[in-house]
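Put the two chains together into one complex, using the hints given.
Protein sequences, first through last, are from chains Y and H. If you read the first sequence in our numbering, its first letter stands for residue 596, the second for the next number, and so on. If you read the second sequence in our numbering, its first letter stands for residue 124, the second for the next number, and so on.
Below, in silico cross-link-like pairs of lysine to aspartate or glutamate (EDC-like), each with a Cα-Cα straight-line distance of 20 Å or less:
1. LYS767(Y) with GLU786(Y)
2. LYS909(Y) with ASP896(Y)
3. LYS216(H) with GLU1203(Y)
4. LYS1071(Y) with GLU1056(Y)
5. LYS1114(Y) with GLU1083(Y)
6. LYS216(H) with GLU1186(Y)
7. LYS1114(Y) with ASP1052(Y)
8. LYS739(Y) with ASP808(Y)
9. LYS216(H) with ASP1189(Y)
10. LYS781(Y) with ASP793(Y)
11. LYS216(H) with ASP1209(Y)
12. LYS866(Y) with ASP139(H)
13. LYS1126(Y) with ASP1025(Y)
14. LYS328(H) with ASP316(H)
15. LYS647(Y) with ASP627(Y)
16. LYS866(Y) with GLU829(Y)
17. LYS216(H) with GLU1196(Y)
18. LYS739(Y) with ASP802(Y)
19. LYS866(Y) with GLU923(Y)
20. LYS1262(Y) with ASP139(H)
21. LYS1114(Y) with ASP1042(Y)
Derived list of chain Y stretches under chain H, where covered just means 3 residues or more per stretch with a C-beta under 8 Å from a C-beta of chain H:
22. 1204 to 1211
23. 1216 to 1225
24. 1230 to 1243
25. 1259 to 1267
Restraint-style ranges between C-beta atoms, simulated for each label pair:
26. SER138(H) with GLY653(Y): 50 to 60 Å
27. TYR155(H) with GLY687(Y): 40 to 50 Å
28. SER138(H) with ASP741(Y): 19 to 29 Å
29. ILE247(H) with ASP1180(Y): 51 to 61 Å
30. GLY857(Y) with SER159(H): 52 to 62 Å
31. LEU815(Y) with ASP170(H): 47 to 57 Å
32. GLN852(Y) with TYR167(H): 53 to 63 Å
33. ASP865(Y) with TYR167(H): 19 to 29 Å
34. LEU214(H) with GLY653(Y): 56 to 66 Å
35. LEU214(H) with THR1216(Y): 21 to 31 Å
36. GLY827(Y) with TYR167(H): 31 to 41 Å
37. ASP170(H) with PRO1148(Y): 53 to 63 Å
38. SER159(H) with LEU815(Y): 56 to 66 Å
Everything labelled a hint here was simulated from the structure, so no lab data went into it. As the structure is a prediction and not an experimental result, all values here were calculated from the model. All residues carry an ideal CB built from backbone N, CA and C; glycine is no exception.
Below are the chains, spelled out letter by letter.
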Amino acid sequence: MARTGNKKNTDQTPVVTPLMAQYNQVKGKYPDALLLFRVGDFYETFGADAIKTSTALGITLTSRNNGGSDIELAGFPHHALDLYLPRLVRAGFRVAICEQMEKPVPGKVVKRSVTEVVTPGVTTDDALLVHNQNNFLATLAFGKNDRFGVAFLDVSTGEFFITEGDTVTMDKLFQSFKPAEVVLPKSRIKEFTAFFGDKFYTFTLEDWIFTYDFGREKLLRHFQTSGLKGFGIEELELGQAAAGAALHYLAATENTQLAHIGSISRLQTDKFVWLDRFTIRNLELVASNHETGTSLLQVLDHTISPMGARMLKKWVLLPLTSLQQIQERHDAVDFFAGNQDFVAQLEPHIRHIGDLERLMSKTAVGKINPREVMQLRRALMAIDQVKKMLSPAALGTSAGALLRLGEGLNPCHTLLERIETAIAPDPPTDVRKGGAIADGAYPELDDLRHIIRHSRDLLLELQQRETERTGIQSLKIGFNNVFGYYLEVTAKWKDRVPADWTRKQTIANGERFITPELKDLESKILGAEEKILELEERLFRELVEEVGAYIAPVQHNAQIIARLDCLLSLARVAVRQHYVRPEMDESLSLEIKDGRHPVIETQLPVGETYIPNDVYLDNETVQIILITGPNMSGKSALLRQTALIVLLAQMGSFVPASAARIGLIDKVFTRVGASDNISGGESTLWSK
Amino acid sequence: MVEMNETALIMNNISDRSLLLLDEIGRGTSTYDGISIAWSIAEYLHDNGRARPKTLFATHYHEMNELADQHERIHNYHVSTREVGHRVIFLRKLSPGGSNHSFGIHVARMAGMPQTVVERATDILHTLEAQSVDGGRKMETKTEGTETTTAEKRLAPTELKQRVKNIQPQMQLQIFDADAYTRKIREELLALDLNTMTPMDALWKLNELRKIAEKK
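In isolation and in its complexed conformation, chain H is listed as follows (with noise of 0.2 Å):
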């Protein structure tokens, strides 16, 4: 909410020669309160008919990209990459045009993330994606190499609902079963009398549990 009261700040006090910067506007709020806040600033920004401050607006919503269709001093830029195998490098030019394709798990990769999240990630990223050309919509596959210069036209609220009900549970079940042998340990552990165990009980019930461990 504090973000928003100074953006309204802004917009108060804005003059023909002002240079905006907006960064990620609406972050932090869920993504469709995002799009909307980061839409509507920038529309004011365009049609507020009192100045018309230079701005340079920053976002990864893709969405935003049809902004432009509708307004003539919106421009659509994006910064390049490539995509060389599961590896992504950012050229880091400033290009005409949106973009399509958000690099986050690849940061993600980066920034050091368990090998198995990003896995999983990668799945459910491509049963995503795979959804979206079963549902007609056009999407220009990346190949090696090639810089993305296309936009994507982006799924609708209820389709992602939808999609997102797909995704296989691998997660949970492995999760769940990592915890059923948790709680048979914590149970052995629990009955124990340590009063009446000698040296040679505890050793025996150890090795117990380490072949309770060892199923898994």
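Next comes chain Y alone, as it looks inside the complex (with noise of 0.2 Å):
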């Protein structure tokens, strides 16, 4: 702990509270991070951390004086952590949160340890993800002579990818990907920035975390597997480095339930186009250049769902080389665009998922609420609903990748109907707020909230039966603070009164009595409430583990209603805007009949028309077009409406034609000698 000011009685030990000195042990686990110390209902920093948290939340900076020491201090409420929490990790701080791990005694220091460590690449908080985009954290391994391996890993979804190659193709799949943090070994740091620029959220660990057999054994740990063949990996030793170090991060951020992580995949990058950096930002492929500009993805994203928002997003930057797969995917697309009716049913039920991916993420750290645990449940109905429309007897057997789709679907009804008995129909967010539990579900549970609805009708029920087994007419129940519940008898009756009463207390007029019976319903009644709110969290805790199993099959689920989803999208789009579908084959010419550029036809001021252009190229006779015009001519949006063309059609989608046939292309290279805004209608010489 850094100390301000210098002690001039240098003989004292300065004296620290119990408090401050496991602060002290604590921070010193987390040095890089900004800690958040849970004291009673506030968090709170101190020194260093207290100056950066104040000046970045705008919270007021006290100082505390502790034993001698003027520490600074500040702190907010512990309720107050959901809106602070985003804006510090957003300033670019690592933000540790140490919690008190137990009930406080008087007299002793709580017991205090880190529960996570939220840093811009690993986090699964709401606030701080966007719904429609991947949160990745990437962690790089430096081989020799130019080879790298990389790993990027999506916390809040379970996605997880690696793949090697050199400063080229990792530059480039940084500027696809956009991975929110990088992890890279101490030693390189230099180098990363020499390479790939100082525009990324960068962390570094040791360099030994990053070697082969640190990564290997990581990652068997991880997967339970005796080797990564499986996989699909074996052979990629840098890959499984970096892997390996993203796994050693997460646990060094605390991140130790990691169920929803249960693949590992190579990224095959001969399974698509090529595209270098340049043509991904002069194509405008996924973001714009310019701030008014639109981008292809804006033009092609119609999803209705997160899922299907965040792969659309990978399609666009990952057109496939694979004839079979493409003409899958325009399969799909023709019957979508044939069949409105069928489209508009489909539909709703997409709607109604939401964001299954980043449920099992939560449910796999065990933040899911009841409330998203109900939200699965209305997933799992719509997925059923989904897996209904695209079988057989719906669709005909014709539709071959749509069953297949279908057929892949699982909408797991033992665990649908688990919830829907388990669950309260309309359950809080917070379960500690009670009632998240339904009733019928557990018969112990039913027994505590019948106690507490009627608790009066029970002891008044208690009253007559005494009443009636005694004949004593003054019977009254009362209660006192004293020995609780009683029975009240007035000296009248006082020879009735039965041998299995306890007398406790003799007043003025009559005497007091319990019973057995009494006593047992008093103590329901008095711990009812808390035993309500203990048996609930523990058997919704139960209840999450039970979805845990579920991770696989619903992870599998998202990711074929996120495919959905995109074909639903570029269906909508080929409708729209009139495309039409590309006839594709193996041959090397292309030939565009009318082709559009797909960008700024969707620009144009009202009343003006794109002009259409013809395109053909083959590798015997047109091999090079040679184009020639004045600036501001069109010579520009020509080039890129022709590999947009030919992106779109191998991405799947149609194309903004009349007429197109596209032998397949394996890499789109880009070169300009001049950035222009062409999606905002402008050239260089109008730009200067």
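See the structure below:
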């Protein structure tokens, strides 16, 4: 702990309170993080952390006199965490949250430990995540001769993939997936900045964490397998090193519940069209280069689920090179574009599904709340409907690709029923508020609730019963703080008191008794409230654990729904923008009739139409087309629309043309001598 | 130089299935460097013997059109335009054949460049073009409403230098003249002794300065 000011009495050991001693010890373990230290109802920060926190959040910086040392202090009430945590992380801080791990006992320092370290790349916090974007952590292992292994991990969705390649490949991947945080070996930070720039949020770990042996061991232990062949990454040594470092980093940030990261895959770059980073940028595939510009993704994205939106971005960045896969997508788009009634029925179901991927990640880390469990139930019900709509009975047997998607869906009926019986129809978001668990699911809970709801009735019942049994007409039930509930009998009826009553008190005109039944009822009533909350929490936790067993099938559902959503989105664009299905083959030629620029055509002023153009290219006769013409005449637009039409086709989309035949393309390279804002309709000369 | 390194990277990675978009390659260097670089890249893509990537090459160097004569798989296209009076209409239609005219000046007008600059630029362009005709080069003069489709043989470097020398230095003189008045006003201002001046003196002086400015 940095101390401000110099002490004159150096011989005197500074008095550190037990609380501060504990703080210093915890802080020592997380020197890089801003430590939020829970003290009662507040999260407190001290010293340098307090200065940073007060500046970042605009809260008051005070100081606490701790045995002679004035230490800075800034804190906020615990319920403000949801508000302040995202702001701290967005301000670029890594935040360690230290909670009280037991109920406070006077005279003793409460046990505390860090439950979570939130960093830009490692978070499941809704407030820090953008619903239609992945939040990737990237880890980078450095090899020899310009080789790298890289792992991308989204802890909020469970996606985990690796690949290897040279600087150019890495640069392209970073451009495409825009990791929220890059973790790399300590000794390589200078190289990293030189290669990839200083725009990324980086964090460094010791070099030995990025080694093959360490990484492989981590992976085998995490996936509980004896090898990695099943994931197709056995021979990727640098990739494994990177992946292992990613898992290590999660552990170091106290993310230990990782059941939702059930698989790792290899990003096979040869299965996708190679787009160099200039292409991604110049074609404005996922982001425009200008504030007012529109990207291709924006034109294509009519998805109706967060999973779909995230997947579509990947489709745009990773167009396919397999004829069969491309045609499967075209088939599905064709079907949806031609069956609008079917689409109109299917869409509401997909809308109801919500963000299944992130629900599953929350389940794995135990952060799912009762209302979200109900959302899961609604999602599973919707999936059941979607599955029915994609069955041979509904579709016929010709729609092959869609039938396969339907087959893959698993509505998890057992889980559905389980949630239905266990969770109340309109549960609170916080299980500690009570009322999350449904009536009728657990006899023990029902009894307790019955007691609370009917305590007065039960007492009356008992009073009546005892009156009838004994014939004591003046029998009354009362309550005091000394011995709780009692039966009161006036002196007149004293002789009728049965032997099983215990006398507790004699008063002026009568006597007070207790019975075992009354005491039993009393303890039930008094303890019920507390017990109900404890029981509900326990039952809910058990349920969440059960849901945890379904992570893999539900994630699989999420993937299929995301695919469907993307295909529906592409069909919607095809209909709205009058696209046609491109004919695909493995020839080396390219023929586009009346091609249009998919983005510019949507941005024209009313009344103007885009002038379409034909392009033919092959390897034998017209390999190179040299286009001359004045600036502003549309040369750049023509170049780009040709590439965009090819890429759209290979993403599985229809294309803006009257006809197109496309021999598969494997790489697209772009070089521009000057940067133009193409979708904004401006050329270089204009912007100067 | 960055551009060149990155272009080299393409050269090493192209395949028969690749698609290349080259837009104004060589821009940012001097004209002759630019043309040379663009020319050699186009030749390489055509003649490398390893792969024939499909390429769309946009350039405002009309000189490049000659490439098509020497290379069978290179074809010239141009984006057609129509000139109506002083204005240009971009038809945005791709047609076979090269083009011969840059409309930079018209674009400048559209972009809101000052009228005097646009007018002077038009003068200079006419001077250069007139000499081109004098020099015996064939050039199709455009009439209102015709599309430009024929390729112009452009100037050789030495010729261009010569012609630039012939441009009348009208603009420079104007600037110099303006400068003379400015300098006079400046001298007058610096000669003033503000401590001894009465408000009335100051007004008289101001009137004088204004007269100098009015002479211009």
